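Chain F is fixed; fit chain S onto it per the hints.
Just so you know, the protein sequences line up as chains F and S, in that order. Anchor point for the first sequence: position 6 equals 6 in our numbering, and the numbering is continuous, going up by one each time. Anchor point for the second sequence: position 128 equals 128 in our numbering, and the numbering is continuous, going up by one each time.
Here are the simulated DSSO-like cross-link-like pairs (lysine-lysine), alpha carbons at most 27 Å apart as the crow flies:
| id | chain 1 | residue 1 | chain 2 | residue 2 |
| --- | --- | --- | --- | --- |
| 1 | F | K137 | S | K11 |
| 2 | S | K336 | F | K150 |
| 3 | F | K60 | S | K189 |
| 4 | S | K32 | F | K137 |
| 5 | F | K25 | S | K120 |
| 6 | S | K26 | F | K83 |
| 7 | F | K137 | S | K20 |
| 8 | F | K83 | S | K32 |
| 9 | S | K142 | S | K168 |
| 10 | F | K67 | S | K142 |
| 11 | F | K60 | S | K32 |
| 12 | F | K83 | F | K3 |
| 13 | S | K120 | F | K67 |
| 14 | S | K120 | F | K60 |
| 15 | F | K185 | S | K26 |
| 16 | F | K137 | S | K26 |
| 17 | S | K344 | F | K67 |
The set of hints was computed from the structure by calculation and includes no laboratory data. Every value quoted in this text rests on a predicted model; they were computed, and no experiment measured them.
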Amino acid sequence: MTKLTTLQSLLGRIVTSRESDFYRKIWGTAYRGKFNELPAVTVNDFLHTPLEHRMYRHDKGLVKIIKRTPIQFLIQRSLAELKEEGYGITGERPTVLFEDPHESLEKTLWCYERGVLPAIGEHANLSISSFLIDRYKSDSLLCDCVILEKLLTHSAAISSHINVFNIIDNNFKFEKLRKLALPHKLNCILGLPETGAFASSCKEHLEKGELVFHPNENSIIEFNKTIIVTKLILMPTPIIRYVTGISFVLRAHTCNCKEDISFSLV
Amino acid sequence: MSVHYFMTTNKEQLNNVGFKTLNDLKRNRNAKDYIIRITSGTSGSNPVALARTRSNKVGTGPLFFYQGMRRVIAFWGTLNARLSRATQFLFYPEDGDYTVLAVDSRDLRPDLNDIFRDFKPEGLCGFPSFVVRALSFIHDTKILRDIRAVSFSGEALSEVQESFLRHKLPNATLENHYASAEIGCISGKPCGYLLRNQYHPHGRVTLENVNLDSDGVGELLVSYHLGPSVYVNRYATGDAVRFLNTKCACGNPITFELLGRKNFDFIKFLGATFLREEFERVMSELSRYVKDYRGEAREIALSDTLVGELTLKVVGTPAFLDKKDRKEFLRDEISKRLFVTPSKTYANLVAEGLFLPLKIEITGSFEHCIKTVKLRRI
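Next up, chain F with everything else stripped away, as it sits in the complex (with noise of 0.2 Å):
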């Protein structure tokens, strides 16, 4: 199934869901035309908005807070479709660790339904973390950039026997993580928490010292001022052209990958 037929199918169930008409008010009869001419949703359409009216289904799943400071909002991903999230590369035996908690179970969760059994870390006690991956021979490490850090500055050891850092973050110091791994264990995965993730870094780059990323299969991603992404999955809350406030620039393609859509962040 091609990007273009996933969309038109769930743009489909979106304009006839009965369980909330949430886009259907944003879009009016905006969704007879070009998709590209939709009203973007922003953060601040969910955070008007309670839970309970843009769900579009109700399948059993873990709720997260997504803390936008001053205020916060609610998102629910379902067990059925976390599965599809591209988080990355589990291993055999992954530890995640987040410093966001709500983060961490979420990914956690991943792992599991991709059949492995995940390991949690402590976000406020580094030292338990550490004893941890090392008492599981963790082989994989799903984390954003700050906890990366810090733990690898609270044991450097760990990443001896780290095959993979699953870096998902939306800021990413790639100079920094350059210090702390070896590129070819680094995989940078870009995404929010709401919208989950939509793009991965590109390996070929990386072993060339440069982020460039490479939208992920099952997300669409417009560049307009910033970067507005569409997930080509029917999220409990689904993500319809939402601007992220992510900045960007286009890169030429020059790799081999088969995604010819490449850019860094600014």
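Same frame as chain F, now just chain S:
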């Protein structure tokens, strides 16, 4: 499949076998039947990390209690405890449709009321102290009246906490369970005839009470399957229990009471852990002023919340007794030095409104006892 028996009696030995269950996982290949747990090591012992099979499935323990509900909020201090409970709701029953929100201590802010209003919880579960703290932010009476079930484990439920919760949640049934990170559920489903902190054993464990004193209080040993092929024999929990000699009104022949920690080496409540070892360290730093001490901790109900209070009775040195404003001096010195969480001092918790300022009482001497109990909860 052969079963490996480990004559495990302490945490170090449990650590040595903790991940042998991964061999079972390789055989049955269902990761969802397992959970990796780690103890925090805050009780003065080294942490334990292990992988074990889950202790509760459909129709038993906490999930039976929440039948008919869909939205549950979990309040556990550690992430691995939160994960353990969240996945119990999400993985079992397989055809269930629970939605779980796992709250962190950083989410405890005034707008938690808005979160509750948006999520519309029907059930809560967690540490009693965490639940109480969270509910102190919730003022919407409709939200509170819609909560129908609350289950606890991880800490003893105090009389003050129970009274607070029954007032705050008029339509909720409260259930107390006894479990540990290393073992899982130790208690079975409460029968309704049990008093607070009394339990029947879960069918998956074998219990023994050893080293009994004259009151019948001893240390609880638990034998259980860590995994299908790994059996832990007589694990010393460090908990003090007493087994009752009478059959329960429900017919269960075994009832036991949980009476705290074996050596009273620490007190844990309202999110803080008062370790004797930590008190000894601080008092050693202040040995110029303090000859001896006894600590008493308690909860106090204050309008819409519970706070903790620590009183230290001290035998002072001449240098201390000669000091002007000696009580305030000692209060401040101890409060800023005494760590009660891995990263926070007593002074931090006072500043956060969780505890009242430390009370200092000066005494001449302490009564001599065969066993000196320096810290107690009243």
